[in-house]
Amino acid sequence: MSRERSSAERGVLLQNPLSGISLRRHGGLIALALLLLFNIVFTRNFLHMQTLFVNVSQVATIAIVAVGMTLVIATRGVDLSVGAVMALAGALAPLIFMSSFGRANPGLGVALAIIVPLLVAAACGLFNGVLVAFLNVQPIIATLILFISGRGIALVLTNGNLQTFSNPIFSFLGTGRILGLPFQGWLALAIALFFAWLVARTLYGRYLLAVGGNETAAGLAGVPVRTVKIATYVISASLAGLAGLIVVAINSASDAARIGNLMELDAIAAAVVGGAVLSGGRAPILGAIFGAVFIQLVRYTLLANGFSDEVALIIKAAIIVFAVYLQQASRE
Amino acid sequence: MTTPLLRMTGISKAFNGVPALARAELAVDRGEVHAIVGQNGAGKSTLIKILTGVYQRDEGEIAFDGAPSTIASPREAQERGVSTIYQELNLVPLRSVTENVVLGYEPRTRWGTIDWRGAHRRTGEILSRFGVDIDVKAPLATYPTAIQQLVAIARAVSLNAKLVIMDEPTSSLDEREVEVLFGVIRELKNSGTSILYVSHFLDELFEICDRVTIMRDGRTVGVANIAETTKLDLIAAMLGRSAAEIQTAGMTELAATGDRSGELLLEAEGVATNRRLRNLSLKVRRGEIVGLAGLLGSGRTEAARAIFGCDKPTAGRVAMKGTAIDCPRTAISRGIGYLTEDRKAEGIVPELSVRENMTLALLPQLSRMGLVDKAREREIVERFIRSLGIKAAHMDQKVSELSGGNQQKVLLGRWLAIQPALLILDEPTRGVDVGAKLEIQAIIRRYVDEGCGVILISSEFQELIEGADEIVVLQEGESVRTVSNPGVTEDMLVHAIAQPKAKEVDA
Chain S
1 MSRERSSAER GVLLQNPLSG ISLRRHGGLI ALALLLLFNI VFTRNFLHMQ TLFVNVSQVA
61 TIAIVAVGMT LVIATRGVDL SVGAVMALAG ALAPLIFMSS FGRANPGLGV ALAIIVPLLV
121 AAACGLFNGV LVAFLNVQPI IATLILFISG RGIALVLTNG NLQTFSNPIF SFLGTGRILG
181 LPFQGWLALA IALFFAWLVA RTLYGRYLLA VGGNETAAGL AGVPVRTVKI ATYVISASLA
241 GLAGLIVVAI NSASDAARIG NLMELDAIAA AVVGGAVLSG GRAPILGAIF GAVFIQLVRY
301 TLLANGFSDE VALIIKAAII VFAVYLQQAS RE
Chain H
333 MTTPLLRMTG ISKAFNGVPA LARAELAVDR GEVHAIVGQN GAGKSTLIKI LTGVYQRDEG
393 EIAFDGAPST IASPREAQER GVSTIYQELN LVPLRSVTEN VVLGYEPRTR WGTIDWRGAH
453 RRTGEILSRF GVDIDVKAPL ATYPTAIQQL VAIARAVSLN AKLVIMDEPT SSLDEREVEV
513 LFGVIRELKN SGTSILYVSH FLDELFEICD RVTIMRDGRT VGVANIAETT KLDLIAAMLG
573 RSAAEIQTAG MTELAATGDR SGELLLEAEG VATNRRLRNL SLKVRRGEIV GLAGLLGSGR
633 TEAARAIFGC DKPTAGRVAM KGTAIDCPRT AISRGIGYLT EDRKAEGIVP ELSVRENMTL
693 ALLPQLSRMG LVDKAREREI VERFIRSLGI KAAHMDQKVS ELSGGNQQKV LLGRWLAIQP
753 ALLILDEPTR GVDVGAKLEI QAIIRRYVDE GCGVILISSE FQELIEGADE IVVLQEGESV
813 RTVSNPGVTE DMLVHAIAQP KAKEVDA
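The listed protein sequences correspond, in order, to chains S and H.
Position 264 of the first sequence, counted from 1, bears residue number 264 in our numbering, the numbering being contiguous throughout.
Position 347 of the second sequence, counted from 1, bears residue number 679 in our numbering, the numbering being contiguous throughout.
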């Protein structure tokens, strides 16, 4: 059976090795290739390890959040609260390991500084999920509540102060290296592979696509629609919480007003560039990673070539529109 | 008689070469409440859409208000005096009642601004003529559906509609609200407005309408004064029978007899869910097909939904092998499958593959620790694709790329795969080609012969008569009688459907 299948799959892949590289099918990849080519020619020092390091380090958080966003979008939802949840998790962590208990028990302090913020983030997701699944609040409104209040809570917790710290164990999340590349890059990759596997292989993944593809039909086929939706919002918020911890670890400082600012938009853009459709029913996880890399590279290219931040934002938007157009065109 | 307000003659319309209307006729007099009745696909809504300019006719003449009509768009229809109150009200819920009434035709002051004071006053006047006193400045959504519907009618009146078309206006109203609506209809009629009334509830027609046009298969098959006709006549005409023929078909063989020895699977007792399902009782045993027959709106689909646990019963109970059913998940775990009528909205998940669609209900049994056993999944799907004769390029093809008949087989496979003890099939062969239809019927028969039970809903008498061991007849949400095979003829079934409910309790 498996032999039969692999040959079938190979058949699909081999169908058009040369003729098949059309703009329609591989628009996104072509755009990425063009972008790389442009950089190799015009951006100074582009082919350096340092460039790779910087980009991977910066893309990891977008990628991690985009994975969760892709799952939420697959249910026909959207999660606007991810940036605020990042801020909340990021504000909590230093409070915990810098507390008197955290200083007295450094190991346990750091462990709790990771676990507790993640649990709080998950609780935020539970809140979003319950609003969407049980109270039938539209996702954009349901998650708007925490979008507004989450960052507020984070600011209240920290009195609006910038918390700086020096904690090498915790900072490994953002500055550690494995095989010469940032730890969070490997983490993002592992998360992406895990969720891609989850979508493709598990009951949850299949239910997710069924709920997003046709909620009524899924319910009538016995799919626990509400549980699936709630689980998805919990996953999204937890991943956002993790991203918040990483941002804090990178900076060795926590500024609740800035962590994860506008992250929801980057994550939605990454998911959509990667092939997610807001009408639900598909969850291209690896596509979202591609989208995050693409957006990061656009930003890097513009900044490295001396465009000011404001202009970079405008050009970034234009390039994203183009990439989305290519993506959407590829599926008619 | 003077010239009618509306006269449509010889109207034909085809979609992609399939005729929907064949020389249909309709005439509505001034100040008349005129009903259109017919089964699904009779052409009622196509005829109305041609009248209101949504569709263009292929041939035929329309005369409206003394002149040949060239209505080409809904907007033009409104301006000529034809207003439609749709089932799904197309109003703006968050704007005020007045705004909804005058939207697009706002009265102006001398300065060219909107004359709100005048608009509020006029809206209030129209509504109080209907006996409705509400704050016209409040958002429409703050009022119940019944009021919203009256606002839609008020809009029609304020546009000086000469003909108001009402499409199933009572479907979401309770009985008191229906009375209010009827009051408004009478008021409109007295002021000279004509009403075109479309409803599946025949009793309503006798209460409110003057004349009725009966349609069947895209043709107008009769026009009658409501006072001179009977429900039996109407049903006979809708079904293409003569009333006399139905009358003579005896009632003697209709009593439930037959060999009912199989183990009792499902029992529904006095089940009610809403206005559409008021009192359903039936039993299904192993190895038998129980048909549900009735006119459109008789509550067949509602019965299926109640049995499967989609709608919470307000009275009565449903039990599968003695245990109660309260939601689709329990129904499935008790071994019930439900093939829905609306394949697109309630059946397929279009983005998923044939394989994923087919195993959707089976998935929990295919997984261990949340992990789908893909090898077993492919094996099962492979088997059903073969045994059901599904024509797909491969099992990973998107289900939306398949033909209607093959999609239906995939959904049938979805339920057969859970090896249900009882299968509810709502119009399993509608919209599939003849070949697929026969195959699906054979699959159902084979499945029943293996000792399972089936509830079969079908608008096709032939399918019920040939397929079902017993046919439960529904009228207006009540199971009124049962006919048993062998020996059921089409005439007997039509009679059972048309005959008013017996006064004595049915066996």
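Simulated from the structure, these hints should not be mistaken for lab results.
Quantities reported herein were computed from a predicted structural model and do not represent experimental measurements.
Treat the hints with care, since some could be wrong.
[Said to hold, decoys possible] Label-pair restraints from in silico Cβ distances:
1) H:G342 <-> S:A318: 33 to 43 Å
2) S:P106 <-> H:K706: 42 to 52 Å
3) H:L703 <-> S:L119: 53 to 63 Å
4) S:L37 <-> H:A473: 48 to 58 Å
5) H:Y437 <-> S:G160: 50 to 60 Å
[Claimed, not checked] From the structure, some residues in chain S lie toward chain H, with a derived Cβ separation under 8 Å:
6) A210
7) T227
8) V324
9) Y325
Beta carbons: idealized from backbone N, C-alpha and C, even for Gly.
Flag every earlier hint the structure violates by its number, smallest first.
1, 3, 7, 8, 9
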